[in-house]
Amino acid sequence: MTNKGLLLVYFFVITSNVHAYLDPGTGSIIIQGIIAAVLSITIAVKTYWFKIKAFFSKKEK
Amino acid sequence: MTHTNRVPGSFRDPSGFMFVEKGILYRRVNASYLEEYSFLINSGLYKELVDSSQLISHIEVESADTSFRILQPERIANFSYPYEWSFSQLKDAALLTLDIQEKAILKGMILKDASAYNVTFNNGRAIFLDTLSFDKYVEGRPWIAYRQFCQHFLAPLALMSKKDIRLNSLIKSYIDGIPLDIASSLLPLSSYLNLGLFLHIHIHAKSQKKHSGELSSKRAKHMKISRKSMLAMIAGLKSTIRNLKWAPGGTEWDDYYSSNNNYNHTSMLDKEQKVNLLLSSIKPDLVWDLGANFGNFSRVASDHSKSVVAWDIDPSCVERNYLSLKKHEYNITPLLMDLTNPSPSIGWDCNERQSFFDRGRPSILLALGLVHHLAISNNIPLSNMFESFARLSDKLIIEFVPKSDSQVQKLLSSREDIFENYSKEGFEDAFLNIYELRSLEKIKDSERSLYYLEKI
Chain A
1 MTNKGLLLVY FFVITSNVHA YLDPGTGSII IQGIIAAVLS ITIAVKTYWF
51 KIKAFFSKKE K
Chain B
1001 MTHTNRVPGS FRDPSGFMFV EKGILYRRVN ASYLEEYSFL INSGLYKELV
1051 DSSQLISHIE VESADTSFRI LQPERIANFS YPYEWSFSQL KDAALLTLDI
1101 QEKAILKGMI LKDASAYNVT FNNGRAIFLD TLSFDKYVEG RPWIAYRQFC
1151 QHFLAPLALM SKKDIRLNSL IKSYIDGIPL DIASSLLPLS SYLNLGLFLH
1201 IHIHAKSQKK HSGELSSKRA KHMKISRKSM LAMIAGLKST IRNLKWAPGG
1251 TEWDDYYSSN NNYNHTSMLD KEQKVNLLLS SIKPDLVWDL GANFGNFSRV
1301 ASDHSKSVVA WDIDPSCVER NYLSLKKHEY NITPLLMDLT NPSPSIGWDC
1351 NERQSFFDRG RPSILLALGL VHHLAISNNI PLSNMFESFA RLSDKLIIEF
1401 VPKSDSQVQK LLSSREDIFE NYSKEGFEDA FLNIYELRSL EKIKDSERSL
1451 YYLEKI
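Going down the list, the protein sequences come from chains A and B. Take the first sequence: its letters are residues 1 to 61, numbered as in the numbering used here. Take the second sequence: its letters are residues 1001 to 1456, numbered as in the numbering used here.
Isolated chain A, as found in the complex (with noise of 0.2 Å):
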């Protein structure tokens, strides 16, 4: 990596941490990630399905 490239991922890493004065807890980020994740896909399927559901529907009328 160039030294402007170390340079922008340090700046990025440093001052977007600068403000999180909390501790977050390891194992709360780890389940946080996962949460996400199954939540994120769950929405995507439900919204499938009722696209789905809307698809047959209309056909129905």
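FYI, nobody ran anything at the bench for these hints, they're computed from the structure. Hints may contain errors.
What the hints assert, rightly or not - Lysine-lysine pairs mimicking DSBU-like chemistry, simulated, CA-CA at most 30 Å apart:
no. : chain 1 : residue 1 : chain 2 : residue 2
1   : B       : K1172     : A       : K53
2   : A       : K51       : B       : K1238
3   : A       : K51       : B       : K1103
4   : B       : K1326     : A       : K46
5   : A       : K46       : B       : K1224
6   : B       : K1047     : B       : K1163
7   : B       : K1238     : B       : K1047
8   : B       : K1047     : A       : K46
9   : B       : K1245     : B       : K1224
10  : A       : K51       : B       : K1206
Given the structure of chain A, go ahead and fit chain B onto it with the hints provided.
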């Protein structure tokens, strides 16, 4: 401005602090936070949240030094803490926090903390107080305050809803929210069937235990959460909280007026008229109605004052009062308080959260239908009661309920009458050295009397 008179509870966040100067509360924005503060204003997020009455408004105080900012936030009539809120108040504070979080993410910001102490109730409505809680949102990064949100809001709400409403008292013991392992072990097994509680409390607690003591976790460091997933999680938390219910009822005071009522229609009306007349001539700024029950007299007081706090010991009464007030525009905030064990000063240096006695100075106290419960049910000597009231406010409207009253007889029915001094004379003797009697009136069709007292 010297900025030296710091508010004791304002020290955790290095972005700024609160201080008091000439009786006015200010917020200092430190240099390290100016970029985020400008983003909050320039992104339109501040305006959006203030316009929807979700965030406290402020004006910027002009200063020659531009290395920091001084804000003067809108005045809050009476500060309260989460352990003084009813179930629906805590629920509304939680939903407000999540709503703000959603709006913030859509505008490129995120809440860097999610403490329940960021919220208070102003004239009955939940309002977010901490203008410095917003950080710039970097897509992919997890929500730092997720653990805090679960501890401060979800755990107490779940315990109050699924186990026992009185478990809100745990909020007072744990200043950074109820530890999730405690919440998980106290919740009934059936709560595992609630997807939100299963994920955000039970599995969350297990994950905390599994990873506790780890110096660093690659997995946590590299955890990426897309904006879409983050919003899905916030929506999930919102739905879990919305679905938590508690039906008030079955508590000691819940049906007080209907089953224990010592008043007929005439005497109740007369008492209302007398209180109304007194308050219309006093025109107080802030009224504290102690033992307010469903807030009948708080409503009378609200017509003549800027703001009213309706304190009561019973979670059902506070809940019903809050829910009925929410439907209308009132200047009343119902709050939970056991007067025989009022909120102490807690936190760092025993000074982070103020005690009931340090929460501001009401212009007047209402103590209606209360004296017998303090003196007879709780053995509080009458003189001690008056001393305590005088520490809170200079003015007092108090109702004396004599022993002959059936309500007092009921309290005495299961115990020995050791209250020799509990009489009209004993009552008047008890305040003689503290208060001056300004008016005394008998309440029609009852044996009760109404005293208006002013501190000597």
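30 Å limit on alpha-carbon distance, applied to hinted pair K51 (chain A) and K1103 (chain B): Satisfied, since the Cα-Cα distance of roughly 27 Å is no more than 30 Å.
Satisfaction of hint between K1163 (chain B) and K1047 (chain B), Cα-Cα up to 30 Å: violated, 40 Å
Agreement of K1047 (chain B) and K46 (chain A) with the hint, judged by alpha carbon distance not exceeding 30 Å: At roughly 34 Å apart (the allowed maximum being 30 Å), K46 (chain A) and K1047 (chain B) break the hint.
Pair hint outcome, K51 (chain A) versus K1238 (chain B) [Cα-Cα no greater than 30 Å]: Distance ~24 Å between K51 (chain A) and K1238 (chain B) Cα, so the pair holds.
Hint consistency between K1245 (chain B) and K1224 (chain B) [alpha-carbon to alpha-carbon, up to 30 Å]: At roughly 33 Å apart (the allowed maximum being 30 Å), K1224 (chain B) and K1245 (chain B) break the hint.
Proposed proximity, K46 (chain A) with K1326 (chain B) (alpha carbon, max 30 Å): violated, 34 Å
Restraint status (C-alpha distance of K1238 (chain B) to K1047 (chain B) at most 30 Å): At roughly 23 Å apart (the allowed maximum being 30 Å), K1047 (chain B) and K1238 (chain B) satisfy the hint.
Hint consistency between K1172 (chain B) and K53 (chain A) [alpha-carbon to alpha-carbon, up to 30 Å]: violated, 49 Å
Proposed proximity, K1206 (chain B) with K51 (chain A) (alpha carbon, max 30 Å): With Cα atoms ~36 Å apart, K51 (chain A) and K1206 (chain B) exceed 30 Å; violated.
Restraint check for K46 (chain A) with K1224 (chain B), where alpha carbons must lie at most 30 Å apart: Between K46 (chain A) and K1224 (chain B) the Cα gap is close to 23 Å, so the pair holds against 30 Å.
In this structure, the earlier hints numbered 1, 4, 6, 8, 9 and 10 are contradicted, and the remaining ones agree with it.
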